[in-house]
Amino acid sequence: MDKQKLVNMGIGFVTGRKNFRKVLKTYVYRWKQTSSTIRDKIKLHLFVAYDLEYNNTQIDDYVNIRPDILDIIDSVFFISKSMVQNEITMLENQKIVSRKDATLIFDSGYAGHRNAILYNALKRKMDCLIFLDDDEYPIAVTKTRNLPVWSGQDIFAVHLKHLEKADFTNGLHCGYISPIPHIDFGDTITESDFRLFIEAVSNDILEWNKIRRLMDDGGVTYADPQVFIEDTVKEVEEINGAKFISGSNLGINLMDTSRVKPFFNPPKARGEDTFLSTCLTDHKVLRIPCYTFHDAFSVYNDLLDGVLPLQLKRADANTKKIVSRFYKACIGWVRYKPLYLYITRPENFAEETDNIVKKLSAAVPKLCKYFNDPCFQRIIVEFDKYCHFVKSHHQLFLENQRIWKHLREYAIQQTF
0 MDKQKLVNMG IGFVTGRKNF RKVLKTYVYR WKQTSSTIRD KIKLHLFVAY
50 DLEYNNTQID DYVNIRPDIL DIIDSVFFIS KSMVQNEITM LENQKIVSRK
100 DATLIFDSGY AGHRNAILYN ALKRKMDCLI FLDDDEYPIA VTKTRNLPVW
150 SGQDIFAVHL KHLEKADFTN GLHCGYISPI PHIDFGDTIT ESDFRLFIEA
200 VSNDILEWNK IRRLMDDGGV TYADPQVFIE DTVKEVEEIN GAKFISGSNL
250 GINLMDTSRV KPFFNPPKAR GEDTFLSTCL TDHKVLRIPC YTFHDAFSVY
300 NDLLDGVLPL QLKRADANTK KIVSRFYKAC IGWVRYKPLY LYITRPENFA
350 EETDNIVKKL SAAVPKLCKY FNDPCFQRII VEFDKYCHFV KSHHQLFLEN
400 QRIWKHLREY AIQQTF
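Residue 0 is where the sequence shown starts when you use numbering that gives the first Met the number 0, and the numbers rise one by one after that.
Be a bit skeptical, because a hint or two may be false.
[Stated by the list, open to error] The calculated lysine-lysine pairs, modelled on PhoX-like cross-linking and capped at a C-alpha distance of 20 Å, are: (1) Lys-99 <-> Lys-404; (2) Lys-209 <-> Lys-142; (3) Lys-80 <-> Lys-142; (4) Lys-164 <-> Lys-233; (5) Lys-327 <-> Lys-384; (6) Lys-390 <-> Lys-99; (7) Lys-160 <-> Lys-80.
[Unchecked claim] For each label pair, taking beta carbons as the anchor points, the in silico distance ranges come out as: (8) His-181 <-> Glu-91: 46 to 56 Å; (9) Ser-297 <-> Trp-207: 22 to 32 Å; (10) Lys-142 <-> Ser-297: 53 to 63 Å; (11) Glu-237 <-> Leu-397: 14 to 24 Å; (12) Pro-373 <-> Ile-228: 46 to 56 Å; (13) Lys-357 <-> Lys-142: 33 to 43 Å; (14) Ser-360 <-> Trp-207: 15 to 25 Å.
Everything labelled a hint here was simulated from the structure, so no lab data went into it.
Using N, Cα and C, we set each Cβ at its ideal position, and we do this for glycine too.
Given only the sequences and the hints, what does the whole structure look like? Please build it.
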């Protein structure tokens, strides 16, 4: 960022949880503790795309922000479902893009919510945008002598520092970042069976050895102390046509608007960060030394009140909540994997997907038996279905990028 002028920094939340305001308070108060020599050069702007249906919430769960928090933020912009629909109508009436095209960008799950924030950040002339999730906290946990050691993380300042020389900055994650629970291997499902399943559904950066180590740690990912000691910054390397990023703890440089790319996911699928990753060949993407703690099961809300656990619970597959999250993650993985393979390895698509079907056919019945839940059989059905529609989904992916160029140009021409 330009050190000679005030920098407008956008903070983007896609949220559907009542916990949102508490998470926001933690980030904003952490920012308040940042050196005044940094804060005095930064104007903080909040963009919130909220979903009332996700967790049966009310508008006040988002917009009723405490005055002491608002005193630290320079502006707040809320994005509701009705506001998105009004914007789509306006774009159609002004013949910027058709209703169908605008809907593809803004009304398509998580990608649509993120695009709405990105679009409004451009309209309001942000210099950069940092995406955060409402179940991730600016805290890192390391493991020393079998005890967790906690440390606060200066998320905003670290992103700002490194966005000066990058198109994207992506922080690190600890806590319960994986939905894979602890599995007791035995006659019902062996380690070989489960490895077969993970190889079938995973992407190019999710290796079995990492998953096995994670399971040994009870499903908890601990921060690497060397990252803090060495202040490690690494350029993200491209693997099979993708520079992998996550959708949260993600910084985007908006100074050169021509380099700002949209998010995308296939209908009723996830993977919006993975598909953006496939568009970053010519972009500089940095992995930067700041962690967020992912509270995937919402059991560590007390962290936001300063209560630091002396032990992190193992993610055992003994509750409906944990099994349900794993099942939903599996469905999400197999829904986006066909398109990911089609984009990154089109010449081997048929061979790759045939291989995956064989692995799933062998492993999924074991999962059904282990969890005593026939619903896991749907994983094969969904994979087959999304393979069948992969060409039409790829066309949507290309259309998404084409339409975004028009919307991006319109957005940067707006004045307020």
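Outcome of the hint check:
Our distance criterion of 20 Å between C-alpha atoms is met by Lys-99 and Lys-404, whose separation comes to about 15 Å. Between Lys-209 and Lys-142 the alpha-carbon distance is near 17 Å, which keeps this suggested pair within the 20 Å criterion. The straight-line distance between the Cα atoms of Lys-80 and Lys-142 is roughly 42 Å, outside the 20 Å bound, and the hint therefore fails. Between Lys-164 and Lys-233, the direct Cα distance comes to roughly 12 Å. Compliance with the 20 Å bound is thereby established for this hinted pair.
Distance check on the hinted pair: Lys-327 and Lys-384 sit about 16 Å apart at the alpha-carbon level, within 20 Å; holds. As the CA atoms of Lys-390 and Lys-99 are separated by approximately 19 Å, the hinted pair is consistent with the 20 Å bound. With a C-alpha separation of about 34 Å, the suggested pair Lys-160 and Lys-80 falls outside the 20 Å cut-off, and the hint is violated. Roughly 50 Å separates the CB atoms of His-181 and Glu-91, a value that falls within the hinted 46 to 56 Å.
A C-beta distance of roughly 28 Å is found between Ser-297 and Trp-207, which places it inside the suggested range of 22 to 32 Å. In this structure the hint that Lys-142 and Ser-297 lie 53 to 63 Å apart at CB is violated, the actual value being about 22 Å. For the pair Glu-237 and Leu-397, the supplied restraint of 14 to 24 Å holds, since their beta-carbon distance comes to about 20 Å. Taking the beta carbon of each, Pro-373 and Ile-228 are about 49 Å apart, inside 46 to 56 Å as hinted.
Checking the proposed 33 to 43 Å range against Lys-357 and Lys-142 shows it holds: the Cβ atoms sit about 38 Å from each other. Between Ser-360 and Trp-207 the beta carbons are some 19 Å apart, a value that agrees with the proposed interval 15 to 25 Å.
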